[in-house]
Each structure stands twice: as structure tokens, then as C-alpha cells.
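S.K.: Spelled out, the chains give:
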Amino acid sequence: MLRLFFTRLLAVIPLMFFVGTVVFFLVQLNPVDPTAALLGDDASLESIAQKRAELGLDKPLVTQYTTWLGSAIKGDLGNSWFTGEAVTAELARRARVTFSVVFGSLLIAIALGVSLGVVAAVKSGRWQDRLVTVVSSLGIAVPNFWLALVLAAVFAVQLGWFPAIWTKARTESVGGWLFTILLPCIALGMASSAAIARQTRSAMIGVLQQDYIRTALSKGLPVRRVITAHALRNAAIPVVSLVGFQLSALIGGAIFVEFIFNLPGLGTAGVDSVLRKNTPVTLGFVMITTFVVVLANILLDMAYAWLNPKVRKN
Amino acid sequence: MVEPTTLDSQVSLEDVAPDSQETEESLGGGQRFRRRLFRNRVAMTAGGFLLLLIAVSLIAPWLTSHDPNQATNFADFHEPAFSEYLLGTDAVGRDIYTRILFGGRYALGAGLIATGLALAIGIPLGLTIGYFRGWADRIIMRFVETVVAIPAVVLAIAIIAAVGSGLVNAMIAIGLVYSMIITRLTRAQVFAAREELYVDGAIAAGANSNRIMFRHILPNIAPALIVQTTLLFAQAVLAEAALSFLGLGASPDQASWGRMLDNARTNINTTIWPAFPPGIAIFATVVSFNVLGDGLRDAFGREARGGRIGIGDVEKAKQTDSNTPDSSALVSVRDLSVRFPRPGTTDDITVVSNVNFDIAPGEIMALVGESGSGKSISALSLLGMVPDPGRAAASAIMLEGQELTDLDFDELRSIRGKKIGLISQEPMAALNPAHTVGRQIIEPIRYHYGTSHADARKKALELMRKVGIPNPENRIDSYPHQFSGGMAQRVVIAMALSCEPSLLIADEPTTALDVTVQGQVLDVIGDLSRELGVAVLLITHDLGVVADLASRVAVMYAGEIVETGKLTDVFHNPQHPYTEGLIKAIPRNESRLGTLPTIDGVVPPPWEWPVGCHFAPRCPYATDDCRRGPVDLTPSGLSITRCIRASELQLAGVGADRLEIGATPAPASSEEGAE
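Just so you know, the sequences run in chain order A and B. FYI, the numbering for the first sequence is 804 to 1117, going by my numbering. FYI, the numbering for the second sequence is 305 to 979, going by my numbering.
Derived by calculation from the structure, the hints in this document are not laboratory data. Glycine residues also receive a C-beta, built at the ideal position from the N, C-alpha and C atoms. Some hints here could point you the wrong way.
No farther apart than 30 angstroms at their CA atoms in a straight line, the calculated lysine-lysine pairs in the DSBU-like style are these [said to hold, decoys possible]:
| id | chain 1 | residue 1 | chain 2 | residue 2 |
| --- | --- | --- | --- | --- |
| 1 | B | Lys888 | B | Lys722 |
| 2 | A | Lys1113 | B | Lys620 |
| 3 | A | Lys1080 | A | Lys854 |
| 4 | B | Lys762 | B | Lys722 |
| 5 | B | Lys888 | A | Lys1113 |
| 6 | B | Lys762 | B | Lys620 |
| 7 | A | Lys1080 | A | Lys877 |
| 8 | B | Lys770 | B | Lys622 |
| 9 | B | Lys870 | B | Lys622 |
| 10 | A | Lys1113 | A | Lys1080 |
| 11 | A | Lys926 | B | Lys722 |
| 12 | B | Lys722 | B | Lys763 |
| 13 | B | Lys870 | A | Lys1113 |
| 14 | B | Lys870 | A | Lys926 |
The following residues of chain B were derived to be distant from chain A, with all beta-carbon distances above 10 angstroms [what the hints assert, rightly or not]:
| id | residue |
| --- | --- |
| 15 | Arg442 |
| 16 | Ser728 |
| 17 | Leu942 |
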């Protein structure tokens, strides 16, 4: 199992190289000129030329690429063209915010989604099932940025129960931190909860029809044990695949939630870097996101193998 | 669409179950699809809403007197709804209602661009790599899998970074990302379709690759693509709103719903109202596409069956006549009946009626009949496991002097597994694929007796040895898929015996197994029954299986026991024409007789069972008297039978020239030995 993990991890290296290279050249197509934004509209030609030389933009594209790649291999992703801060330092700081929101919403999504899905399947055809089915069909269609907007407007702006502005001081204690990310997590996790509930329900319904559930019942086991040890264990297999997709969706969705709740996360930096052509930050943003998603998928594949003995050997 | 009443497939009662698919199968595919779709009211409502949205978007300028981008009166900012302005105005005085109408254009247009591009790239690419496979397939799929794993929004932002922002650019970016999903789906479908015979047929007919891909494969994989496209359209509408909200999509002079939400966001401290109309518009559109997609999937696919843990216990019924249970028997069943609600009606149909039987301690009794006769469900009643929505009632089910009727689920748990073990038809399906076989054998021992894990494991090893699994120490931690069918059935037998029950229910224990191992598994059951003194209720449709195992037999037809007696008596002197038919159908003599005789027809569905003798429609000896009214069980010859002509008919049993009961090995293994 551990060997599988490390061989899969090794395969990430060429992928990161590939993603970095593609995005590097893709970004060059962006017509925006960062120096104009940096120096203002009335900057002199000399100062623009000086700035371009400073950023290394006067060199041929291939040289720019090899320079970037050379330091990227050493773990240096360059400095932000606008703030001058090291990209790794800035993104590491912001990743903390983004991934606590993503992780929090994933927890909400799994806890809520799986329990609702199980209830709906066990009570299939009854009112509990119909309620979960309707709520999850609707919930899956609620845009996270709209929900975030409404939650922010109602609970932060109008009622004032939650902070509307992110402050460093407030986030220094664990309680304050949880309090700050609670609304973003709910906004982000809601659609995923609905998706996971739907998947869990249909997987559970499929599993509950299997003969081995009848076998488990024929042994005289209580319903709770039949559901947890026999049904859920098997129903979890397709749910785990879905969690992989959802994680990816949550990382994407985090951009919007950060934007609305003014959280200094990766997404805001990424979007801002694209709009202003802050190339080092764009590259760092795409690479960190890719890395985390791929890493999470490796972990999920391992969970998948653990749940499903049939694939363990391959 | 869950059918309100479907009998569970597990109980091999499908034939009894009125299967709505049967009748629908006779309709053409397209007709069936349309009927199912039109019957799905929710999907039809969603489809109607979307048609309305398309119409409204097309004629938007004629539905309003305001301009979507210009305030009619600049002083009218943040006007409330239902005033002069139907949905109020935004921060710069633009009419929200008008902007919502025009927003539909951007949402639908964006969805068309994104899904259109995704299909245009994904279908040819997926068809090609799926059809030709090889290295191109491997490289492209590697790429596709990676791209699909990355958040779509992040990828779209990266592409927008290159091509610049704007509604069309943003949707091209989204379309490129979605084309990966379509490629993957198309390829997977082609892989499956290539296995199908129709592709071979087209190749044999000399069609070229293009023709096969687009004329033969594409129409067959279209349902999956249509469903996925509908769902992707919903995602595209969301993506348009999301990217416009970030300022990467629609420009400020395009009244996109996402743009409207962004405007609402900047004024959120003043009023929250302008966030609602565009939010609800996005939500309703996305829900409608999702629901329509789900409806299409249901209409294309097989209907889902209900799946709750649907088992019921047996109610206490009034005793008929002086039908008292036999206190000396291990199991004594009296007046057992099972009813199911009939789909589409409020009536119940009776699938089992007036079943009585006794099993003596250590005795092997066979319950024989074709599928649909009600034998499995009668046996499951003993465990209180009548599949939902069936309702069982009996005047008595006595097990070792304990009355089992009216016990609830939890009270019955001390019977299940502990007093009565169950062996089912398909060992691979009966074992949980996620747990080792050891764990599954140990579970009931620990559960019922609280035995320590080490002791229970020891006991499991001993049981595995007893049922003839070689090297149990090496096999106990294996998973079910690592066993052959015959070995898996031995595991199931070990599991059923783990708590030393006094009765085993063996429900068609060899039907799903290879002919070569059927005899061995039956031997294991017979030997262990004798060795451990466990009684067995053997359920089978094959009288041949019964021959050397059972000492008594009950023959069931259409929910009733039609003949019961000692095995030798029933075999040599059958009293019921149905028994005679079953004896003729024993596959023993097929080589000698040339063809295998069968009983004409099948067991009819329960609502077609006649008032008179249930077997009369298929009986070669039936007269008008037989059809007149219900027939009772009466003693005849050496057994008890449900036939009014029993005394006058000379039915053919197993003659001396055909077999000696109990002396020959099981038919399957004897066939093996002969060849």
C-alpha cells in the first residue's frame, strides 16, 4: 500500500512539469501588459523598459521559460510582480485559508450527504426518502456563490452574527478561526452534500438489494450492524469516487466563496493574477491546485482499494 | 421512478411478481421511452419550464418596455418589487425583470456554446480512440483523466488567461474542459459497444470504420450521451453565471444573471433583494436541466427497484378446522399464507395459501416446484424474512416448541442464524465482497454467543475443514472473489452452521453451481445433516436433486402444496399429475429418451390462478369437475394430494428400471462418472 502511494507520487513529477510548461506558454497569449498596470498609464518608455528588464521580460521566451523552470525545480516559484513577495510564501499563507475552507466544507458534505443518503435508502419510498430526494435535487442546483452571497448578507451584514470582514486577529484562536470559516464552509459544502446524498442513496439502494444483505439478516444481526458493516461498506465505493470529483469542485468553488467573504485565499490571488497578468502567481496557483487535487486523488484511490478487495491486487 | 410495488428479485419470486417491463418489452424501444418519459410528471414539468425559458428568451424585447442596460429613469434606483417595476430596479435604476428576461439569452447561449463545443470535440475523439484503441488511446486518456481531475473553474481561468475574458471566450474554455468529459464517456461507451454483436455484424458485412463508428455505434450510445449532455448543460449555465460573477465572462453591458449577482454583491450592504431574482433564475434553470436529465436516464434505463431493508415477519392467523401444530416435530407450520399488493390496484394477491408442513428433528425434507410456485417465500417465512411488501400470516409456526408468529424483527434475531441457518442460491452474491470469509463466518458466532475472537476463529477453521475446504488456515483470510463457486458455497454452508442451528434452509443450493460440483455440495449438506443431526428444508425445482438426499417431499404448485409424502412413495406412486410431470422432467434419462420431456407452459402469474385446481390449465387429465372449485388435500395412495381424480388416474412414477432411490449418487455426478 505504501509502495503504491510512493510510486503514484513519483508519477506526479512529470505531470507537474507538463502542467507548468503548458500554462507557462498559455499565459504568454494573454494580451495584458503588466508593466502598464504596475507603473500607471503615464509611465515613461524608459521606466517601462527598465521594469521589463527587471522582471526578465526583455529576454527571449525560451530563456524566460528555462529560468523559471530552473528555479521551480529548486522549489523557488519566483516573486510576485506586483508585491515582490516570494510566490511560495504568499501561496503557502493563502493555501492555509483555502484548504481549511475546502476541508471544512468537505467534512460537512460527507457527514450530511452520507447520513441523508443512508436514511433515504433505508426508508426508500417513504416520506423521509421523498424529502431527501427533493431537497438534494434542489440543493445540487444552488450556485455556491449565490448561497454565499445570501448567507453573507443575512447572517453577517444584516444580523451581524458572523464577521463580514476577515481579520488576522480574529483568526488566531482556533474558535475564532472556526467561527470565521463556518459560513463559507456551509455555502461551499451545500451542493456537495446534495450530490453525495444522491449518490449514497442510489448506491445504498443497490446494495440493500444484494443477496449478502439477506445473508447478514439471516444471521440474526441487528439492522444497525447490517447497515454499517455490510451495506455502507460496499455502498461507500462509488461514494468515494464521487468525493474525488466533489473535492475538485470544492477547490474550484472556494474561489467564489473567498471572493464573497473576503478571505485571503488562493482563489482570489489566482483570479487577480490572471486579470493583471501576474505570471509567477498564476503559474504557482495552477501548480499548487493541480498538486493538491492529484494528491487527494491518490489518497482516494487508496481508500478505494481499501474498501474494494477486488481491486487491491492490481 | 421507483415502482411502488416490486417484489424483490432475491427471493426468486420474479416470476410471481408482476413485472411491468414484461408488457413494456413488447412495445417498440422508442414508444416505451416516450411512454416512460411522459409518465414522469416532474421531468415533463422541467421540460415545459425550459421550453418556456427558450420562448421567453427569444421574444424578450416584446415582453418589456424597459431597456436591459439603461435605466428608464435614473432617479429610480433600488425601487422595490411590484411597484412600477415588476421586480424592482438595481443600484443604477435598471429594471430587474427586463434584465432577467434578457439574461436567459446569455445563459442558454452560453450553454449551447459550451455543450456544442464539448460534443463537437468529444464525440469524434472518443469514438476514434475507443474504436481504434492502441497507443493514441492510452496517451489521450492519460491526458483526459488528468484534465478531468483538475477543477473545471481553475482550468477555465487558466484558458481565459490565455484567450482573454469575455462571454464567448469563457464558454469556449468551459466547452474545452467539458469535451474531456464527453470524450471519456464516449470512449467508455464505445468500449462496451464493441463487445456487442452488432459491431461484429457490421464488420462482417464489410462496413468501413467511419460507417461503423457513426452509423452503427453512435446511435447505440446516444442515450448515455443525451443524458450527460443535459446534465452538462446545467453545469454550463452555472459556469456562465460563475465566471460572469467573477468578471471573467459576460461584459458589464451584457445582462447576464451572473453579472446581475455581481452587481447585487457590490451593493449588499444597502439591499439584498437584487440578488434573489437572478439567483432563482439560475437555480430554476439548473434544476430543470438536472431533473430532465434524470428523467431521460430513467426513461432510457431499466426501472429502479425499491431497496429498503424490506423484510416482514409473520402475523398470527386464526386456526382453520382443527389444524393444530405437531408438537413432536422440530418445525410445524400451519395455515401459512403470503399476500402481495397488486401493482396498480388496491387489491392484494395471494401467492401462497394454506401451506402446512412438519419437519422432524434431523430430517431432510424437500420442497419442490417450479419458479413462481411460492416455495422460497414459504421457507423465508420461517425466518420472518418475507420480502417487502409481502405480508405473511400463519396460525402456527412452531420451532422446538417456540411460537414464531407475531415475533417482531428483534425477537426473531435470536432465531435467525442461531436456530435456523440459511444457504442461498448464489454463493458469490450471498457473501459480502468487502469482508474476508473468516470474518463472515465468525460474525454470527461472536454475535450470538459472545465468543472471543480467537475462539470464534478456531471454530470457523474447524467448520471450514468440516465442509471440505482444503487448507482452511490459508483460506480464512481470503475474500469471496478468491473462491470458486463450489468453494464459496461451502463457505456459506459453514456460515449457516456456525451457531449450531437445528434447521438449515437450503434454497436451491446447487442451481448456480457448475454441474461437476453440484453433487459434491449436496453430499456436504447430506453428510453434515447426518453428522450434526441438523434438519434440512431443501428447496429445489429439480426432483433429481431430491432423490438421494431427502426422506420426505412436499410438491408445491402455484402457491399450494399439491402433494406430500415419503420420498419413495411420491416417487414411485405419484398421486398428482404435476408430480408426474416433474418426475418426467428429471434430466436423468435424456440420453436414453432423446429429448427432455417438460411440462407445457409456465406457472401463470398469481392473478391468473383459477378458482378450481390451480394446475388444471396445464394438466393433461383435467376435466370440467377440476375447474369447478377449490380442491382440498386428501389422502390418496400412500401420500396426501390435492387432486380430485387421484384415485382413478394411473400416474407414472419412477419405475424399477429407472432408478433405485437412495442407492445411486446424485444425478449430476452420475452423469459425470458415466462420461
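S.K.: Determine for every hint whether it applies to the structure shown.
M.R.: Do the hints match the structure? See the list:
1. For the given pair, B:Lys888 sits about 38 angstroms from B:Lys722 by alpha-carbon distance, which is inconsistent with the 30 angstroms threshold.
2. The hinted pair formed by A:Lys1113 and B:Lys620 fails the criterion: a straight-line CA distance of about 45 angstroms is larger than 30 angstroms.
3. For the proposed pair A:Lys1080 and A:Lys854, the alpha carbon gap of about 15 angstroms is at most 30 angstroms, so the pair holds.
4. Annotation: proposed proximity of B:Lys762 to B:Lys722 holds, straight-line Cα distance about 18 angstroms (limit 30 angstroms).
5. Simply put, B:Lys888 and A:Lys1113 have alpha-carbon atoms about 43 angstroms apart, too far for the 30 angstroms limit, and the pair is violated.
6. A C-alpha spacing of about 40 angstroms is found between B:Lys762 and B:Lys620, which places the hinted pair above 30 angstroms, so the restraint is violated.
7. A hinted pair counts as satisfied when its Cα atoms are at most 30 angstroms apart, and A:Lys1080 with A:Lys877 qualifies at roughly 24 angstroms.
8. The suggested pairing of B:Lys770 with B:Lys622 is violated, with an alpha-carbon distance near 43 angstroms, which exceeds 30 angstroms.
9. Between B:Lys870 and B:Lys622 the CA atoms are separated by roughly 29 angstroms; this keeps the pair inside 30 angstroms, and the hint holds.
10. Proximity of A:Lys1113 to A:Lys1080 is assessed by CA-CA distance (about 48 angstroms); at most 30 angstroms being required, the pair is judged violated.
11. Between A:Lys926 and B:Lys722, the direct Cα distance comes to roughly 28 angstroms. Compliance with the 30 angstroms bound is thereby established for this hinted pair.
12. This hinted pair checks out: B:Lys722 and B:Lys763 have alpha carbons roughly 15 angstroms apart, not beyond 30 angstroms.
13. Between B:Lys870 and A:Lys1113, the direct Cα distance comes to roughly 46 angstroms. Violation of the 30 angstroms bound is thereby established for this hinted pair.
14. The hinted pair formed by B:Lys870 and A:Lys926 fails the criterion: a straight-line CA distance of about 45 angstroms is larger than 30 angstroms.
15. Here B:Arg442 stays apart from chain A, with its beta-carbon at least about 14 angstroms from theirs, past the 10 angstroms limit.
16. For B:Ser728, the non-interface assignment is contradicted: its Cβ lies about 6 angstroms from the closest Cβ of chain A, within the 10 angstroms cut-off.
17. With a minimum CB-CB distance of about 35 angstroms to chain A, B:Leu942 clears the 10 angstroms threshold, and the non-interface call stands.
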